Structures are given as structure tokens and as C-alpha cells.
Amino acid sequence: MTSTSVFADATKIAGTGDVMIDIENMNKWYGEFHALKSINMKVGRQEVVVVIGPSGSGKSTLIRCINRLEEHNDGTIVVDGVVLSNDVRNIQEIRRETGMVFQGFNLFPHLTILDNITLAPRQVRRIPKAEAEAHALELLERVKIPEQANKFPGQLSGGQQQRVAIARTLAMRPKVVLFDEPTSALDPEMVKEVLDTMQDLASEGMTMICVTHEMGFAREVADRVVFMADGEIVEVGTPEHFFTNPQEARTQLFLSQIL
Amino acid sequence: MAATTVSAMPPANESSPGQWVKKNLFNSTSGSIVTVVLGLISAYLGYRLFRFVFITGQWTAVKTNLTLFLVGPYPRVEPNNQLWRVVIQALAIAGAAGLFAGANSAATERKARAAGLEVTKETPLGLVRRFWSIILFVVVCLSFIHTVTPLLIVLGAIAVGVACFAGARLLPGNLGFVAGALAVVGAYQTVIGTAGAAWIPAALVLGVVAWQRAGKLVPAGLAGVAMKVGVVVVTAVVIKVIYSFFDYQAVGWEKWGGLLLTLTLAACATVFSFPIGLLLALARRSELPVIRWMATIYIEIIRGVPLITLLFMGQFLLGFFIGSTSISNVTRAIVAMTLFTAAYVAEIVRGGLQALPKGQTEAGQALGLAPTQTMRLIVLPQALRAVIPSMVGQFISMFKDTSLVFIVGLTEFLGVRDLIHGQPEFRAVGHAETLVFVAFGYWAFTFAMSRESQNLERKLGVGTR
Chain V
1 MTSTSVFADA
11 TKIAGTGDVM
21 IDIENMNKWY
31 GEFHALKSIN
41 MKVGRQEVVV
51 VIGPSGSGKS
61 TLIRCINRLE
71 EHNDGTIVVD
81 GVVLSNDVRN
91 IQEIRRETGM
101 VFQGFNLFPH
111 LTILDNITLA
121 PRQVRRIPKA
131 EAEAHALELL
141 ERVKIPEQAN
151 KFPGQLSGGQ
161 QQRVAIARTL
171 AMRPKVVLFD
181 EPTSALDPEM
191 VKEVLDTMQD
201 LASEGMTMIC
211 VTHEMGFARE
221 VADRVVFMAD
231 GEIVEVGTPE
241 HFFTNPQEAR
251 TQLFLSQIL
Chain F
1 MAATTVSAMP
11 PANESSPGQW
21 VKKNLFNSTS
31 GSIVTVVLGL
41 ISAYLGYRLF
51 RFVFITGQWT
61 AVKTNLTLFL
71 VGPYPRVEPN
81 NQLWRVVIQA
91 LAIAGAAGLF
101 AGANSAATER
111 KARAAGLEVT
121 KETPLGLVRR
131 FWSIILFVVV
141 CLSFIHTVTP
151 LLIVLGAIAV
161 GVACFAGARL
171 LPGNLGFVAG
181 ALAVVGAYQT
191 VIGTAGAAWI
201 PAALVLGVVA
211 WQRAGKLVPA
221 GLAGVAMKVG
231 VVVVTAVVIK
241 VIYSFFDYQA
251 VGWEKWGGLL
261 LTLTLAACAT
271 VFSFPIGLLL
281 ALARRSELPV
291 IRWMATIYIE
301 IIRGVPLITL
311 LFMGQFLLGF
321 FIGSTSISNV
331 TRAIVAMTLF
341 TAAYVAEIVR
351 GGLQALPKGQ
361 TEAGQALGLA
371 PTQTMRLIVL
381 PQALRAVIPS
391 MVGQFISMFK
401 DTSLVFIVGL
411 TEFLGVRDLI
421 HGQPEFRAVG
431 HAETLVFVAF
441 GYWAFTFAMS
451 RESQNLERKL
461 GVGTR
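Protein chains in written order, with my numbering: chain V, 1 to 259; chain F, 1 to 465.
If we strip away everything but chain F, and leave its shape as in the complex, we get (with noise of 0.2 Å):
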């Protein structure tokens, strides 16, 4: 008996890296083959656009309109000098992005300890591996610079980035969550200022708040619905009306541009579709016809036209719809962006809803949940993680739409190029220079998305399947 041991463990896996090379790259004459002529034309395009980088390129005009890539036609010449707002803004977005994951970890790690599960803490080497296209890219703007301001501006980001995210562990239950939330309306305030219709999102973040409060004590049913609806009423009256108080004018975002305007299209599109589009989806799966009708021909009108025909629409049709001319142009290309992302997010999540096995359903019926109570606990939960990855694809590619709303006269990350151009002195320098650089833009904040949408089904799917 003796002689047979039984190992505990699965022999380990112990190559070279020279047995690897062999066994992956040159494991046949044909493998070797391409791996010679593949590496080859890798080196030589390697080459090239080394030279191109490093050596052969102009990249005077990048480096002299860096500021008007981030931020385009924004206010930013003595005496009216806006830029400081961007700054603010900057540190406040840093700060709400420190206490979203603060209170995210803190609450993973409540989650965690009270199944008396191991806590996987997040280091900071790991938000690098996470995020390493965008620090790439603010490392390049960076280098592009000679003055020592923006590179202060980053660290202060960081500095507020981390003190919010420890802050943030500290606070109870889902405060952390709200003082994120908090912290970028704050952002949006301090460049939009307080006039017309800026009170909505304040009234937003507050309301849902006031709807959850107000959930823990009011009676169930639609008596409590009731209630919580007038909660939620009261709250946005109420900062409508403080708000009207102060008639602080700032920089509208109309006067937005760049990188700036870009990633404010992105994020409010993405924000303002993906519920609409959820809410879409289940309309579409109702039992009452006309709802489901309704929901049917919204979604196969905009997904028959093309963005651009909806972005012109915004521009001409939106005040027909809505009485009112005054709305920026920066509104309307977010409600048409808005609203075309919406349709695509609602076939997606209807692909999940329809993906998900009767039994799941059936099962929360037969223990007596409610239909709403069965759609909120089972059946999204589910379906919503299994189309993470359309999601994200969906909204990666309304990211680089956003370079369609040049048509709307809006001056986005692409569009600075024209104004770049535009200028005498860089009318025929620099055109493929400005390019690769807008192209190296998209796709830093592209991949870490793509990259954190793995990151999410990783983690949505621990201990599953």
C-alpha cells in the first residue's frame, strides 16, 4: 500500500518560460511558420509606429491645443477665465468616484463577513491594472505639458479620490452612495450654475433618497405608494424652490467642448438610457396590450432611423414635442442620444428577460412573491448579468457616437480637431497626429470600460453556475 500515494493536489503546472515559447509558438514547422511571419509584420508595424510616436511626428499641434482637446470652445481667456470650474468639477467627479467604491467595498465587505466569506480587499495596484488605459492616456496628456498646474490638478484628484473612498468606509448603510451621488450634481452645479432647469438633477438624487427613507416607514400597498410619491413631490418642490433663490449663472454647457463634452454625453446617455430602456423591455413583455404595443412600435421606430436623423430631430422636432425653444443644444443631443441607446438597451434586456428558464418565475409565484416582487428579486437580478457583455458593447458604441453631434454644431473630442485645423498655423501640419491622438482617447476610456464590464460579470459571477 504504500507505494501509492495519493497526491492532495493536482500536479503543478511548472513551465519555463523557453518549454512555453516551445509548446505555443513553435510547437510544429507550420506554427513556426506564422509565428516568424506574424512577429515580423508585428515588428515592422511596431517599428513604424515607433518612429511615427517618437520620432517622424508633429506633435506640435496636439500639444499646443491640449486644452482646447479636453475642454474645446469653453470660456478659458483673461478676464473670463472658466477653467477653474473644469478643476473643481475634476475633483468633485474624483471625490464621488472615491465614495461610490468606498461605500461599494464597505458594503461587499459587510455582505461578505456576515456569510463569513474571505474579504478580497481592492489595492491600489489592482485599480491600476483596472484602469490603465486612462492612466495612460492622462500620463501622455501629461508629458504633452510644461507646466507643473495640471500635474498638481491629478494628484489633488487623486488625494480627493482616495480621502473620499476611506471616508466613505466610515459611513453607514448606503450614505456613502449618496454623498457620491451628491458630490456630482455638486460637479454639474459648479459649471452650470443654478438657473433654469438645473434644480432637476439635485431634485433627482434627493428624491430617490426621499423615496427610500420613506420606504422603511410608510405602510405597504398602494396607500404607501401613495405616500412615497408625495415625499418624492415634496422634495423636488422644495429644491425647485430653493434653487430659485439663486439665480447663479455659470457656465452654461453649451459652451462645453472636447474631452470634456464627450465624456458628459457619454455618461448622461448612458445613465438616463439604461432605465428607460429597462422599463422599455418590460413594457414590451407586459400582459396589457396597449403598453406592450406602445413599447413595441417605440422601440422599431428608433431602432428603423439612423442617430443622426434623431440628433437633426432634436434640434428641430424637440420643441415642437415639448413648447419650448430654450433648451440647449447640449440637452437636446442628450435626449436624442438618450433616447436611441434606450431602444437598443430594451431589446438587450428583453433577450435576458426571455433567456431566463420558466422555473424561476414559477418558483417565486409558488412561494407567493408578487409579479413585481418576482421581476425585482429574480428574474432581473438574473437576466441583467447575463447580458452584461451586449450591454456594455451597447454602450461602448454610444460612446464613439458622440462624435456624430458635430452635425448639431457641438464641438466634441473629434470635432476640436476642425477648430485645431481651422487655425492658420496648423492648417497642413499635423492632421494624422491629431487623429491618432483622438483615436488613442476613445479607445483608453473604450477599453476600461470593456475591461470593467469583465470585471463586473467576474464578480456578479462568484460562487454561480
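Next up, chain V with everything else stripped away, as it sits in the complex (with noise of 0.2 Å):
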């Protein structure tokens, strides 16, 4: 088994030592299908973790199963201390603390940006009207769109849209972000302003974890890179080790088809 491989041990985090993010022993299925197979991977706080692998290699379902909107069948799953369990004022919890941004951006198209924005933190923080908009403000400042706060979703274009969508994400001060393919869905030119807001965020010191294509980003911006394929981790590493020296053969093959 290569999940048995040094390579492919995913708990060792960068940093302090201080763990987010605890995944042990963690299984999926789909009916018959084993989507993701005995996960072990931590994460530490402030760090910086980008999934790769081939398309259906569970990247995603791993991601999402940390918030929830995937169930794990067994193995534990512990947010900042909070055990995942079926108790949903335990999912709640650590939903709110865990922002996620999607491919399809999912803005809300019947709100303003900056409704879009201060709904959660209103909703679920109980945070007064006025408070939340400054907040939104100082977000859309910091995704560089301030201008855009009162139009809809449907006026911005794909890279606006998603940039909103992160600062959504933060609006409500979560303690990870989790990434899902966030630039797939955008056309190429737009790429770009889109993984400059997610630099900025990683370099300000909050914790993400970025299933992604983009290569140059895992480069310049990971801590640790995980390979994934046929829903395990494959190999884990610095993205150094990880681009110029991959020791698992599918990790080689996998990386010579897109590099």
C-alpha cells in the first residue's frame, strides 16, 4: 500500500505545532464506492495546505467533509478542538468557525454584495446592522472592490463574484478557510486577481486548505502540498520536495501531464 509510504504521512504539520485540523483514520463511501480511504492529515494553525490530483481523486469530498456538507462514515474529524459529530449544534459550531469558498462562487443572486455579506454575521453572530456593513466595507476594501457594494451578483463579473465571495467567507472571522477548485470556474484573465486576494490572506497568517489546479500558487503561496489520488493521500511535501523531487511514481506521472 502507498498510503503506508513515509511520503505519504500527512499529520506532521509546518509551524508551531499548534493543530486545526485533525483528521484520523477517516473513510467515505458512496454506496459501493470508497471515495476516501483511511485519510490521516493535520493541519496547523496558520498553515497554508494545498490538495492536488487527478479529477474524482476525493480532493474535494475531503474538504468537504470537514464542514459537513459531506458526511464521513468513520474516523474523526476535530475543528479547533471541536469534535465533528452528528450533534448539529456541533456542525454549527464548527461551521461558523470554518469559511469555505466554492467553484461556483454560490453569491446569493436575490442580495446586494454587501446583504450578501453581512447576512451571516447578522444572522448567525447576531451582529447589529451597522457594525456588519463597516465590516463588509473594510472586506470589499480588502478584496479591492469597495465600489461594487450595492450592486448584485449578476453585474460583477467571475473574479469579482468570487472575490466576494471570500470576503463573505471572512465577514464572519472564521478560524479556516477552506478553498474548493476556487478559480476553476473562472475565465483565465481573471485567475489571477482571484489568487492575489488568496496570497494576501495566506501571507496575513490565517489557516487554509486550497484544493486547487493552479500549480504556480501551491509554489509560491503552500506550506505542505498533499497528492491525492483514487481517494488517498499519495504523497505528501514541501512544495519544494513536491515539484522537484516526487518519489511516488503516480505523483511523477500525475505531475507530467500537467507541468
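Among the hints, erroneous ones may be present.
As the list claims (entries may be wrong) - These stretches of chain F come out as covered by chain V in the derived footprint (C-beta under 8 Å, 3 or more residues):
1) 106-117
2) 366-379
3) 407-418
To be verified - Straight-line distance between alpha carbons at most 20 Å, and here's what the computed DMTMM-like set of lysine to aspartate or glutamate pairs gives:
4) K129(V) <-> E347(F)
5) K111(F) <-> E131(V)
6) K144(V) <-> D223(V)
7) K151(V) <-> E457(F)
8) K358(F) <-> E287(F)
9) K192(V) <-> E220(V)
10) K151(V) <-> E109(F)
11) K111(F) <-> E133(V)
Simulated from the structure, these hints should not be mistaken for laboratory data.
The structure presented is a predicted model; accordingly, all values stated were derived computationally and were not measured.
Using N, Cα and C, we set each Cβ at its ideal position, and we do this for glycine too.
Hints are included, so try docking the two chains, each in its own frame, into the full complex.
Structural data, given as C-alpha cells:
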């Protein structure tokens, strides 16, 4: 089994050793199909982990299990000390602290940009309107589109929409942000503006897990790169190790196909 | 470079009426033939209709019985002339419409101003354009009468509506809406009195108000909900007790008829079937199997039964279920129509819920919103907007189905014809004329509904997609 290889140990975190996400022996089936096979993985505070791999390898499923958009079948997931269980309150607590940015943006088309961003802080965290809006404008400033506050999502370009989605996630002041192929639905010229925003976020010390096909981003921003194939973690390493000296045959094959 | 001037505007679309006619009606030989043939047919039909309406038609049957068409067998013969109640009711409804419109326009403007957007004002001309079919109907009715009182009533209703509109714009928060709802209750009370179950509408309105007001004061969570329910129950009980002191007998709605009854049936069935249908749609998608099964069984049974059957069941079986025989025919009909329409509304809403991309729910969940919040704030607003056309279609169809209540002994707008042609002097005259008049009445209201639905779609679609 390749998963027992030393290169596939995803539990050695970079940095101080403060664990933010701890996944132990996690399995996930879709009917008969074994989508995730005994995943062991840790993510440290302020660490940026990039997950890559061919489509269908379980990357998205992995991060969607962390905030319970998908239910894992066995094993444990702990986010900042909270064990993910079937208790609704438990799930809510983890979701409050865990942001997610989707491939398809998933902005709320019936709400203005400002309302998109302030909705969750006001409803979930019960933050007063004025305060939530001030924070939202600050975040829009940070993702460099403050002038769009009163427009509707449909009036924005894809790149702008994805930056709003990032601002919407940050408005909840999450401890971790999960990125699920955030640039895959974008026109090429808009990819950079979103990646720049993500890079800023990483440099500010946000804990991030990014599923992406952007190898440039992985190389520059990631603390660790995790390569998945067929539902298992095949190889883990620093970007340097990963792109210059991959050990596993499957990693080498994948890299040779995309680079 | 000077030669290439880039125009900032698209070329103006200036075509004279002549050009338009040429382009759209006579652009080819076959097109011209179609235009001419259809034009001739329309002209002929138009001519026949014109002749019928203005020359050959015997409109005496409609003219003499106009009041009968409007209120049916409602008591209006001295010394027991109760028509003044209907007049007050009409004025109160006009006032309620003004209050709702005023509160709505003030709220929209506040919102637009807060967002720094341009404020578009509703003009009187715009209102005429929106409701021209109903206005035409009113004008036709007025033209049948040679006394001045009805005209004064109409003008009075307009004045009350305008005054209430202006007043509601000055009220803070949602007070305008509350005042409008209370005006509706008042309108209803004027005719119905305060006896029996007449306290329920007032309790409903004030209960909702109490729920909203309490919502800002109580803590979140289950305890808060329990407190809110408590406040609502106390409100309802207080109102019931107050009403029990006044045993004011007016004209019960079992004596209503004509257009008054038709509009009441349609309005009540619409207002009640919407929330019930919404809940049924949510129940049918519930994760709890028992709730899902119940909703599915209900919807499938109701949709498998003709409305007429339900109306009969309302007569014979409602007492069996509720254990009371003192329910009026009108209430029974409203219950039957509400239950019937709710099943269809449920399926329409379910269609809207299913059409919404899964990512919307997921985005709500990922932000930490509770399932009910995701449903209320994200899913429903989008799903309901998407189904406005089919929903209004259902309500239009229901509006016309009110004519079926004649089989349970009610005399609605269409049924009035039987009363008219039962009179000796109209036994053989004016059958076509009364029918055309009734058809025109139904069309006037349903067309306005259809126009309003398009209007609503436009308004809710602003800036999206």
C-alpha cells in the first residue's frame, strides 16, 4: 500500500505545532464506491495546505467532509478542538469557524453584495447591522472592490464574484478557510486577481486548505502540498520537494501530465 | 485617426409608424396576405361586437340588476337596507389598499436610498395602466346607473385610498402594513358583526404583530420561541374576551352574493392557501418520513379529487370532522377551496425549491446559518420568485373556480344570472348580455392579476440574473 509510505504522512504539520484540523482514519463511501480511504491528516494553525490530484481523487470530498457538507462514514474529524459529530449544534459551531469558498461562487443572487456579506454575521453572530456593514466595507476594500457594495452578484464579473465570496467568508471571522477549486470556473484573465487575494490572506496568517489546479499558487504559497489519487493521500511534502523531487510514481505521472 | 469616431451610444432606433407597418405587417407577399386576411376577420368580429354592445344588445337585464350582480341576495330592501355596510367595507378596503401601497412605497424608497440607488416613484398614470381593466369595469358599471350615489362612492373610495397612501408614507417601520391589515379586519367586521367566530381575523392580525414585536425582545432559541407563542396566545385570548362583550349582529356572510362573494371567496382562499401550500411543500421535502408521507398523501389525495367533490364534502363532512354544524356555507366553501388550492400551491412551490441549485443551500450551511435560516433567507426568496407565474396562474384559475360554489347554494357573480332570469320580465331576454357582462367582470379582475404578476416579476428581478 502506498498510503503507508513515509512520503504520505500528512500528519506532520509545519510551524509551531498548534493543530487546527485533525483528521484521523477517516473513510467515506458513496454507496459501494470507496471515495476516501483511511485519511490521516493534520493542519497546523496558520498553515496553508494545498491539495492537488486528478479529478475524482476525492480532494473536494475531503474538504467538504470537514464542514459536514458531506458526511464521513467513520474516523474522526476535529476542528480547533471540536469533534465533528452528528449533533446539529456541533456541526453549526464548526461551520461558524470554518469558511468555505466554492468553485461556483454560490453568491446569493437575490441579495446585494453588501447583504451577501452581512447576512451570516447578522443572523448567526447577531452582530448589529451598522457594525456588520462597516466590517463588510472593510473586507470589500481588502478584496479591492469597495465600489460594488450595492450591486447584485449578477452585475459582477466572475473574478469579482469570487472575491466577494471570499469577503463573505471572512466576514464570519473564521479560523480556517477551505477553498474548493476557487479559480476553476473563472476566465483565465480573472484567475490572477483571485489568487492574489488568496495569497494576501495566506500572508496575513489565515489557516487555509486549498483544493486547486493552480500549480504556481501551490509552489509559491503552500507550506505543504498534499497529492491525492483514488481516494488516498499518496504523497505529502513541501512545494520544493514536491515539484522538484516527487517520489511516488503516481505523483510523477500526474505532474508530467499537467506541467 | 480623426476619421474613426467611436459612438458612445448604440444607433437610435428611429423608425416612423409607416416603416414599422412595412417591416412588421407587409414585409413579404405571404406576410401581407396573412395581415390582410386576419385584419378582415378581426374587423368583422370587432364590428359584430361593437353592434352587439352598442346597438342590438338588450342591456336592461344588466342595468336593472346591477346591484344584484354586485352583492347578490344581500339584504337591501327598506326597512332592512344594509347596503351601507358594503359601502363602508368598500371604503375600508380602498383605505387598506392605500395603506399597503403607501407603506410598501415608503419601505422601497428607504431601501433604495440606503443603497444609494435611484428612487422610482409610482405615478397615478402608472396605477391606471396597472389596473386599467378593473377601472374599465367600474366605469362600465357606473355608466349603467343614472343616480349620483355610486359615483360619489367611487370618488370617496379613491379619496380614502389616496389619503391613506399619503398617511402610510409618514408612518415609521411596518406600522402602515399593520394599519392596512387592521383596515381589512374592520371592513370584514362591518358586515360580519362580532358574534361567533368573528374574532378570529382580528386575533390573527394582532397575533402576527405581537409575534413580530416580541421577536425583538425575547432571547434566541427555544425559550424565545415559547415566549413568543405565549405572547400570541395571550393576545388572541384578550381579543376573544373583548369580542365576547359585544354581541353585535350584522349581516353574516351567508347572505352575501354576487361579485362581493366572488371576491371574498377568492381573496380568502388565496390568502390562506398560500401559507398552507408553502408548509406542505416544505413538509413534502422534510427529512422526517412521517411528515413527508402525510404531506404527500394529502397532496395526492386532494389533487385526485375534483373541486366540486370537495365543495360537497365541505357541506356534508366538515361538521363531521370539526364537530360543529353552525358553520356557514361561505366558510365551508372557503375551507374547501383553500384546501384544494393549497395542494396545487404546494406542488408549484416544490418545483421552485427543486429548481434552485444545491450550491445555494450549501453556501448558507457553510456560513453557519441554521437550516431554518437558510430556508427563510436564501432558498425561499429565490424559489418563490421563480414560481410567481405559475402561482398566479393557479390563483387566477381558482378565482374563476369560485363560480362552482353555486352547487352548494351560494349565489356568486355568475350565479346571479339565475336569479335575474328567474324574474318574469327577464325570463327570455338578455341571456347573452348578462353572460357577456359576467365574462367581462371575470376578465377584468383576472387580467389585472396577470398584469400584477408580471409587474411583481419585473420588480423582484431587478439587478439579478
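Are the Cα atoms of K192(V) and E220(V) separated by 20 Å or less? The given pair, whose Cα atoms are some 13 Å apart, holds under the 20 Å limit.
Is the Cα-Cα distance between K111(F) and E133(V) 20 Å or less? 14 Å, holds
Are there three or more residues in the region 407-418 of chain F whose C-beta lies closer than 8 Å to some C-beta of chain V? With 0 residues closer than 8 Å to chain V, the region 407-418 of chain F misses the three-residue bar; violated.
Pairwise hint evaluation, E457(F) against K151(V), where the allowed Cα distance is 20 Å at most: Between K151(V) and E457(F) the Cα gap is close to 19 Å, so the pair holds against 20 Å.
Take the C-alpha atoms of K144(V) and D223(V), compute the straight-line distance between them, and say whether it is at most 20 Å. Between K144(V) and D223(V) the Cα gap is close to 26 Å, so the pair fails against 20 Å, i.e. violated.
Taking a Cβ-Cβ distance under 8 Å as contact, does the region 366-379 of chain F have three or more residues in contact with chain V? With 8 residues in contact (Cβ-Cβ under 8 Å with chain V), the coverage given for the region 366-379 of chain F holds.
For K151(V) and E109(F), compute the direct alpha-carbon distance and say whether it is at most 20 Å. With a Cα-Cα distance of about 16 Å, the restraint between K151(V) and E109(F) holds, given a limit of 20 Å.
Has the given pair, K358(F) with E287(F), been kept, meaning a C-alpha gap of at most 20 Å? 16 Å, holds
Mind checking the alpha carbons of K111(F) and E131(V) for me, to see if they're no more than 20 Å apart? The given pair, whose Cα atoms are some 18 Å apart, holds under the 20 Å limit.
Is the listed coverage of the region 106-117 of chain F by chain V valid when you require three or more residues with a beta carbon under 8 Å from a beta carbon of that chain? With 3 residues in contact (Cβ-Cβ under 8 Å with chain V), the coverage given for the region 106-117 of chain F holds.
Regarding the pair K129(V) and E347(F), is the alpha-carbon distance no greater than 20 Å? 36 Å, violated
Of the numbered hints given earlier, the model fails hints 3, 4, 6; all others are met.
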